[in-house]
Amino acid sequence: MTQLRFLLNDTEVALTEVAASDTLLDHLRLTRRLTGTKEGCAEGDCGACTVLSGRLTPDGLVYEPINACIRLMASCHATHIVTIEHLRGPDGGLHPIQAAMVAHHGSQCGFCTPGIVMALYGLWMTDPKAGEAEIETALQGNICRCTGYAPIIRAAQAAGAAGGQAQDALAREREAVAARLAGMRGARVSLARGADRALIPTDTDDLAAALLKEPDSTLVAGATDVGLWVTKFMRDISPAIFIGHLMKDITVEGDLIRLGAGVTYSEAAPVIARHIPQAAEYWQRIGGWQVRNVGTIGANIANGSPIGDTPPLLIALDARIVLRRGADRREMPLEDFFIDYGKQDRQPGEFVEEIVIPIHRAARTAAYKVSKRRDSDITAVAAGIRVDVAEGIITDARLAFGGMAGIPKRARAAEAALRGQPFAEAAFDAAARAIAGDFQPMTDMRASAEYRATVARNLIRRFWLEQSEPGLPVRLRLTERA
Amino acid sequence: MKDDAAPIAGQAHQDTIHDSAIKHVTGRADYTDDLVEPTGTIHAYLGLSTCAHGRITGMDFTDTLAQPGVLGVLTADDLPGVNDVSPNGMNDDPILADGVVHFWGQPVFAVIAETRDQARRAAHKARIDYDALPHVLDPIAARDAGMGYVTDPLTLRRGDAAVAMADAPRRITGRFAVGGQDHFYLEGQIALAIPGEDDEVALHVSTQHPSEVQHMVAHVLGVPSSAVVVNVRRMGGGFGGKETQMNLFACVAAVAAKRWHRAVKIRPDRDDDMTATGKRHDFVIDYAVGFDDEGRIRAVEGDLYARCGFSADLSGPVTDRALFHADNAYFYPDVRLSSHPMRTNTVSNTAFRGFGGPQGAIMAERMVEEIAYALGLDPLEVRKRNLYQNGQLTPYHQEVQDQILPRLIAELEQSSYYQARRQAVLDWNARGGVIRKGIALTPVKFGISFTATWFNQAGALIHIYSDGSIHLNHGGTEMGQGLNTKVAQIVAEAFQCDISRIRITKTTTEKVPNTSATAASSGTDLNGMAALDAANQIKARLTAFVAENWKVAEDQVAFVPGHVRAGDQMIVFDQVIRAAYMARIHLSAAGFYKTPKIHWDRTTGQGRPFYYFAYGAAVSEVSVDTLTGEYVIDRADILHDVGRSLNPALDRGQVEGAFVQGAGWLTTEELWWDDKGRLRTHAPSTYKVPLASDRPRIFNVALADWSEATERTIKRSKAVGEPPFVLGISVFEAINMAVASVADYREPARLDAPATPERVLMAVERLRG
Ligand SMILES: Cc1cc2nc3c(=O)[nH]c(=O)nc-3n(C[C@H](O)[C@H](O)[C@H](O)COP(=O)(O)OP(=O)(O)OC[C@H]3O[C@@H](n4cnc5c(N)ncnc54)[C@H](O)[C@@H]3O)c2cc1C
Ligand code: FES
Ligand code: FES
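Chains A and B are the protein sequences, given in the same order.
In case it helps, the working numbering puts the first sequence at residues 250 to 731.
In case it helps, the working numbering puts the second sequence at residues 696 to 1464.
Same shape as in the complex, but just chain A (with noise of 0.2 angstroms):
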C-alpha cells in the first residue's frame, strides 16, 4: 500500500504524498487550515497542540491526548484523530468541558486553551470522577502561564459533575470509527516525498526483514525523541520505519512481566502499579500524559539515554531484554546494553523486541526521580533500588543511578557496602558514605554536579527512613497522589 489512511475528525483522510518527517501539526495548521490547535514549544512539552488520538487495542477504540507537534504522520495511520474543532456537546453546543472552562473563567490569553480543553476531554472521557490528584497528573504535559491553573482544575471538576459520557459524539460513534480504523489497517505501508521515505510494517516479523534490509533505517515509535529531532534539530530522519503500533503485548507470567518494546508508558502503568507498586508515582511523572500515551518503554532503553527514567528502575530489578536481528533473538541483562556514552550493544539491523521483569515480591524496593520541576522534567537523578533481606541480613543490593554519569549505572560501591550488613542504619550510612566514589556526575543547566552527589548520597538515607518507618513522613505529598 502507499497510502497514508486515518480519520481526521468526521473525514476520511488518505495521502500518498508523506515525508517521514512531515508533522500533524503542520498538516492540520498548514494543509487542513485546523488552526485551533496551537504551536507553543514544538518539543511536547506545553500541551498546546494536543489532540486526541484513537486506536484499536485489544480493548477496543482508545482515545488518548497526544502531542501534535511532535506526532509525525505515519504515525497516524489507522488512527482517529479529533481536534478541538470536532468537539461540541450533544445539543451542537458547548461540550461539558467547554461549557465549564467559559463558566469558571479558566481561559485568559486563551492560547493554551485548546489543548486543555482537549486534555481534560481525553480525562473527562475516561475517568468521569477524577479528584485534584488525577487532573493535575492529567495536565503534567499542559503549561498555561496566564491562569495560574486554579481555575482550569474547578472547570475540570465541574465537567467531571455535569457528567453526560454516554451522550458524547465519541462514544456513540465509537462502534463505526472502530469498523472504519479496522479496514485501514492490513498490509505494509510505503510512504514517500521524493527521497524521503517511511514504512510501516504489517507485524513484527515485516518489521525484522525490513530492518535487516535497511539497517540505517531509523526506528520510529512514539516520536517522543525522534520528533524532536525533527523539529528542533531538523534531522534527516529517512528511510524511517514506524513501529508504534507494533510489540504491544504485555504478559504476566509467574515472577516475570513481559513487555513489548512497543508498549507505551502509560499502557504499561496498571501492569506497573499492580506489580511493583513502589514505582507506581515514579512511573505517572515520566514525561506529562501526551508524552506517556505514545513514548515506549524500548526506546527508552534503546535511545541510551542517561537520564532516561526506566533503566534505573529497571537494572534495579535484574531486566533483561531481548534484541532481534531477522529471525535471530538474543537475550541479555539490561545493565550490559549500555556499554558508554551514545554507545550500546545492538547490532546494525536489531532492534529491542522485549523487556523481561522479574517480579522481586519480597524485595524491598524504591524507584525515586529528582529533578528542577516536580512534574514533566527531565531527571536530575533517579534512582532504582531494590535491597533482599533475608533474617536481618541484607542478602543483595541492586542500586542503579540515571544522571550519575554517561549512561545508567549501578553505584557498585555502595551495594558492596549494603550486602552482608545488618538491615539497619549503619548499613545505609555506609552505603551513603560509599557512592561518593561510585560516580563522579557532571555539571549542566539541570544541575551541578555537588547537588547530584548530595541528592544520590540522600536518596540512600531516604530509603532507609522510609524502610524503618519513622512515623514522619519522607515525601512530599505522597498520600494524595498516585
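One or more hints might be untrue.
Stated by the list, open to error - Derived coverage of chain A by chain B (criterion: at least 3 residues anywhere in the stretch with Cβ under 8 angstroms from a Cβ of chain B; other residues may be distant):
(1) 326–336
(2) 362–374
(3) 388–395
(4) 398–411
(5) 691–704
The set of hints was computed from the structure by calculation and includes no laboratory data.
No experiment lies behind these values; they were computed from the predicted model shown.
Don't be surprised by glycine CBs; every beta carbon is placed ideally from N, CA and C.
Take the given structure of chain A and dock chain B with the ligands to it, following the hints.
Just chain B with the ligands now, with coordinates in the frame of chain A:
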C-alpha cells in the same frame, strides 16, 4: 417599563466572562498565526549569532541561497532606514548585527523563503565567522570589568542614610542575587507584514504596543508613520515580553515585504524566541539595614546591580522602578538606594510584569527576614512595625495617602489562621523530620502609573451605527487580562445596554493614534477612562437631542436598561439612535484621558510618579524535603486590593495567575548560561515554569471588597495586572523559613533566587554544617 427593570448584562462591577472565552474554548479565537494569509505569503527566519561577543569577520550565504525556496537574505546593509529599534532613542538596539555581535543569539541576518520550513532550514546553512572578544555575563563581573552602564543610573535619597546607619543600634549588611525570568508567553513572537501602495505597509503583530511598532517600522523603512498600520486583535500572552521585543520581528517582516512585494510572515521557534528576546532583569543587591531592638528600620542603603544585557531597551525605567519598590511596604526613615544598570554580553533585558518592582520589593523582604532572625521575632511582626503610615514619605518623596495594609493584613491574618498555623509549623519542625515546613505572610504596595509621565494618556473611539449597534475601539491591547471585557462593561453601563450589543474590535493604529504600551497595569485605568469619555460625549449629544425631540428638560433624560427615559416616556435605545441619526446627530466620538496629579523629576529623584498604590498580601505555607531540596506549596491565602473591582471574576483570575507566575520566578524558573555565554535554558524542556501540580492545592483568593480607590480612577477600581505578582515572594520566604528550621532559626536561610531544589538543598547542607 420602569427604571428598575432588569439590569443590563455585563454591567460594571459584575462577574462577566472574557469577551473571547467561547472562542478560546472552541479554538476559534484567531491569533496572528491563524489569520488567513494573503496569497503568495512568504516567510522570514532569523539567523542568530553563535558567539557571545565578537567581530564578524565573514558572512557566507552560498549554501543558504542554494537551498530550495530561498528568495534571499537580509543583513544590516539591506535596511533602507535606520538599523535600530531602541525604544528610547538611544540608538543601541540594532535589528541585525552590524559588524559586532554583543550576545549569543543576537540576530545577524534573515533568510526569506517560500515556506517557513525552508527559511528556517536555510538559516542554519549560513556560515558566519567571528573574531571572539572577551564577554561578561553577570552584573558584578560587568562592574569589575568596567563595562559601564547601558543607561543613566538613579539614586533616591531621603535624609542621611550613612549617618542614620552609623547611629542605628543594630546593622546588617548582605548580598542577595535574584534571578531573571523568561516570559514564556504561550504564543511566541510573530509578525505578518502586507505591503501596500507607495510606501505603505500594514502589519498584524502580536504586540502590546502597536504605536511603537508603527514608529519603528516607519524609521526602519524611512517612511512617515502615516504609511504604516499596525493591528492586533489579541495576543497569546505578553507579560511585558511584547512591549518592545516584537519590534525587531515586525521590522524584518516589513522590510522584506517591501523588498519582495509579498506578504511576509516571521515566527521564530521557541528556542530562538527565548534566546533572542529579552527577559526580566536579574539583580545582585547589596543591602545594609540599620534598625533598633524592636525591629524598627532606621536606615537603609541599597545598591541594585541589574543584568541589563547589551543595550538599554527599557532598563532605565525598569531599574528605576526597582528602586521605587525597594521599600515594598515599609517606611525607611533615612535611605539611599542606587541603581546600577550594568551592560553585559547577554540579551537585552526588558519589561516583565512588575517591571523591576518585584526585584526591588524582594530586597525589602530580605531585610525584614534579617531583622526578624536577628531579634528572634516573627517576620510578620517586623513587617507590621515598619508599615507606612499615611503622611510618611517614600524614598522618592511621594506622600503615602491611601494606606490600607494594616486592615488588609489583619483580615488576612485572621482568615488564614496565620498565627495558629505558624505555631503548627514551628511545632512540626521541632519534631525534626525530613520534611520541614515554612509559612510567611508578605504584603505588597505597588505604585500605579507609568513613571514616564507622558505615557499616561489614552484614546478611544466609539461609533454607534444607525441600527443601534456599538463599535468600540481603544488604544489598549488584549493579552488575556480581560481589558476589552472591562472597557466594554464600562461602555455598556454608560449606555445602559447589554454588553452583547458592543462589538469589541482589534486594536489598530488607524483608529486611535499615539497610544502607550498596554503595560504598567494601566490598561483599564487609561483606556477605560478614554472610552468613558467617548461614551459621555455621545450621551451628551443624545441627551440634548432627546430633550428637544421628546420635549423634556435635559435633566429629565436618563439612560436606563435598554432604553432612554424622557420624563415619563420610555424609548427603546434603537429607536433613539434611529431618530438621532435622522436628526443628523453625530454618533461617533473620540475619547481621551490623561492621568492627573502625577509628576516626576528624575534629576532630583523627587515627585509623585504614582497616581495611587494598589495593595495586597499573601500567606503561603510550604513543605520542603531536606534530603533533596524539593518542595510543594501546601496552601496560599491571598487578600488583594483592586479598589471597586470592575469584574471580580477577571480580577481574581489576574491575582491567581500573577501569584503562580511570581512563585515560578522565585522557585523553578532558572536562567542558566554556560561559560561560553550561551543561555542553555531556552525551551520548556529546560526552563521550568509552574505546572498545575505546582500551584497551591489550597488556594484561597479574595478581593478586599471594602476597598475603594481614593483617587478618581475609573469607577474607583484599581489596577491588577502586576501588583499580585509580588505576592509570590511569600512562597520564597516560606521556603526560607523551612530551610532555616534545620539550624533552629539561628540565622536566616539567605537563599538566592530562584530557590531551585538545588539551592534549597545546598542551603540545608550549609546550615547543617
Ligand atoms: C516532553 C517530553 C518529556 C519527556 N520526559 C521524559 C521523562 O520524564 N523521562 C524519560 O525517561 N524520558 C522522557 N522523555 C523522553 C522520551 O519520552 C522517552 O525517551 C521515550 O521513552 C521515547 O520513546 P518513543 O517511543 O517516543 O521513542 P522514539 O522517539 O520513537 O525513539 C527513540 C529512539 O529509540 C529508537 N527505537 C525506538 N524503538 C526501538 C526499538 N524497539 N528498538 C531499537 N530502537 C528503538 C529510535 O530509533 C530512536 O533512536 C520525554 C520526552 C518529551 C518530548
Ligand atoms: S507545541 Fe508544545 S507540546 Fe506541542
Ligand atoms: S490562558 Fe494564557 S496560557 Fe493559558
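Against the structure, the hints come out as follows:
Taking a C-beta to C-beta cut-off of 8 angstroms, the region 326–336 of chain A contributes 4 residues in contact with chain B, enough for the three needed, and the coverage statement holds. Counting residues of the region 362–374 of chain A whose beta carbon lies closer than 8 angstroms to any beta carbon of chain B gives 3, which reaches the threshold of three, so the coverage claim holds. For the region 388–395 of chain A, the stated coverage by chain B is satisfied: 7 residues place a CB nearer than 8 angstroms to a CB of that chain, which reaches the threshold of 3. Counting residues of the region 398–411 of chain A whose beta-carbon sits less than 8 angstroms from any beta-carbon of chain B gives 5, enough to reach three: the coverage restraint holds.
With 9 residues carrying a beta carbon less than 8 angstroms from a beta carbon of chain B, the region 691–704 of chain A meets the three-residue requirement, and the given coverage holds.
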